[in-house]
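Same order as they appear, the protein sequences are chains A and B. The working numbering puts the first residue of the first sequence at 50, with every later residue one more than the last. The working numbering puts the first residue of the second sequence at 2, with every later residue one more than the last.
No lab work stands behind these hints: they were computed from the structure. This list has only true hints and no planted wrong ones.
Calculated pairs, DMTMM-like style, for lysine to aspartate or glutamate (alpha carbon to alpha carbon, straight line, at most 20 Å):
{"id": "1", "chain 1": "A", "residue 1": "K148", "chain 2": "B", "residue 2": "D57"}
{"id": "2", "chain 1": "A", "residue 1": "K148", "chain 2": "B", "residue 2": "D74"}
{"id": "3", "chain 1": "A", "residue 1": "K148", "chain 2": "B", "residue 2": "E60"}
{"id": "4", "chain 1": "A", "residue 1": "K103", "chain 2": "A", "residue 2": "D116"}
{"id": "5", "chain 1": "A", "residue 1": "K160", "chain 2": "A", "residue 2": "E66"}
{"id": "6", "chain 1": "B", "residue 1": "K10", "chain 2": "B", "residue 2": "E73"}
{"id": "7", "chain 1": "A", "residue 1": "K148", "chain 2": "B", "residue 2": "E73"}
{"id": "8", "chain 1": "B", "residue 1": "K58", "chain 2": "B", "residue 2": "E80"}
{"id": "9", "chain 1": "A", "residue 1": "K103", "chain 2": "A", "residue 2": "E66"}
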Amino acid sequence: LAKTTQPISMDSYEGQEVNITCSHNNIATNDYITWYQQFPSQGPRFIIQGYKTKVTNEVASLFIPADRKSSTLSLPRVSLSDTAVYYCLVGDVPSNTGKLIFGQGTTLQVKP
Amino acid sequence: NAGVTQTPKFRILKIGQSMTLQCTQDMNHNYMYWYRQDPGMGLKLIYYSVGAGITDKGEVPNGYNVSRSTTEDFPLRLELAAPSQTSVYFCASSFQTKTDSPLHFGNGTRLTVT
Numbered sequence: 050l051a052k053t054t055q056p057i058s059m060d061s062y063e064g065q066e067v068n069i070t071c072s073h074n075n076i077a078t079n080d081y082i083t084w085y086q087q088f089p090s091q092g093p094r095f096i097i098q099g100y101k102t103k104v105t106n107e108v109a110s111l112f113i114p115a116d117r118k119s120s121t122l123s124l125p126r127v128s129l130s131d132t133a134v135y136y137c138l139v140g141d142v143p144s145n146t147g148k149l150i151f152g153q154g155t156t157l158q159v160k161p
Numbered sequence: 002n003a004g005v006t007q008t009p010k011f012r013i014l015k016i017g018q019s020m021t022l023q024c025t026q027d028m029n030h031n032y033m034y035w036y037r038q039d040p041g042m043g044l045k046l047i048y049y050s051v052g053a054g055i056t057d058k059g060e061v062p063n064g065y066n067v068s069r070s071t072t073e074d075f076p077l078r079l080e081l082a083a084p085s086q087t088s089v090y091f092c093a094s095s096f097q098t099k100t101d102s103p104l105h106f107g108n109g110t111r112l113t114v115t
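Pulled out of the complex, with its shape left as it was, chain B reads as follows (with noise of 0.2 Å):
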């Protein structure tokens, strides 16, 4: 049992160019989520998802694609990478729709737009 799985750990883009950050949990879990963390700063929500098919915006999806076409995987997609973009990704997973579930984060995708 992995739990959440995040790749790559690290990535440095230039800008312009586009990538896909990968999530996959094997908990069976329909509830996911992608998070950012500017240095020093909290987790902003980016998209997330109640399940597959199902995807919705959180605080700050400009910039950002999501896709859910499975349970299991949840990958984010950057499309126009800008140096606003460099900050550290957290995919995470729940099994329910209430926060009597909690969630499970993966270990983060650490991202440079340069």
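In isolation and in its complexed conformation, chain A is listed as follows (with noise of 0.2 Å):
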């Protein structure tokens, strides 16, 4: 049972806005909405996380419609450095067990 739907891969250029869609229909009442960033031959790391409507922070934006099925991870900017792959992550369904698994993710590639 998929939790998640990512697009596989995504191109963009130095100094633009990426945004990645991740689709979860499934997606539990209780359930947040965390993105994982991962650079090669590392573990990923948090960026941010939110339960509905937008959430900011210093490196991202997140935004999550009412009926919470679907989330944006918006990148404002992104240089060279943002080229990584990229998760998001909602809870075990239907209910809250602590059983958390990725999806495939979005390999981001930033070009000069």
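These two chains come separately, so use the hints to put the complex back together.
Set out below in structure tokens:
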């Protein structure tokens, strides 16, 4: 059972805004949506988390519509160092047992 | 505060050998996880634990065993190594049950079975 669906890859250029959308049709009422970034040969690291509407921090924004069945990670003015794999993660469905399964992730390639 | 520490960083095993991948966290997190990541692929959940003495299977548990005798440690055991277990193994921990507590990952163990 696929919990999340993301585009496999995206290309962008330096200075552009990048939006990566994740579909999570079976999200549970109490689940939060969390995005992680992974560089080669490193473990994923936390970027941003939200429950509904919009969340912004120093590196990204997260947009979540009212039905919460999708979310969009927005990276403003990307640079070459933003080239990485991005994962969205939601909790186990139908109940929160602590079982966290990642989707395939989106490989973002930023070009000069 | 070291976070999540994994040892060893690299290991080469022969087919049929066994080994234990160590994972320790010093953040008093109750939830701990083991993932594997094959080259160019995403993360697959092997086992997870919601607290000391409690473990449960993830997506790909076959060929692995875990134990959780303390809050800090969550070792992963490979009993009869096979080439299909060649992968990078990541341990992670979080403070709470639900996804409002982000996962903290270790730097991984790169395992090759030949």
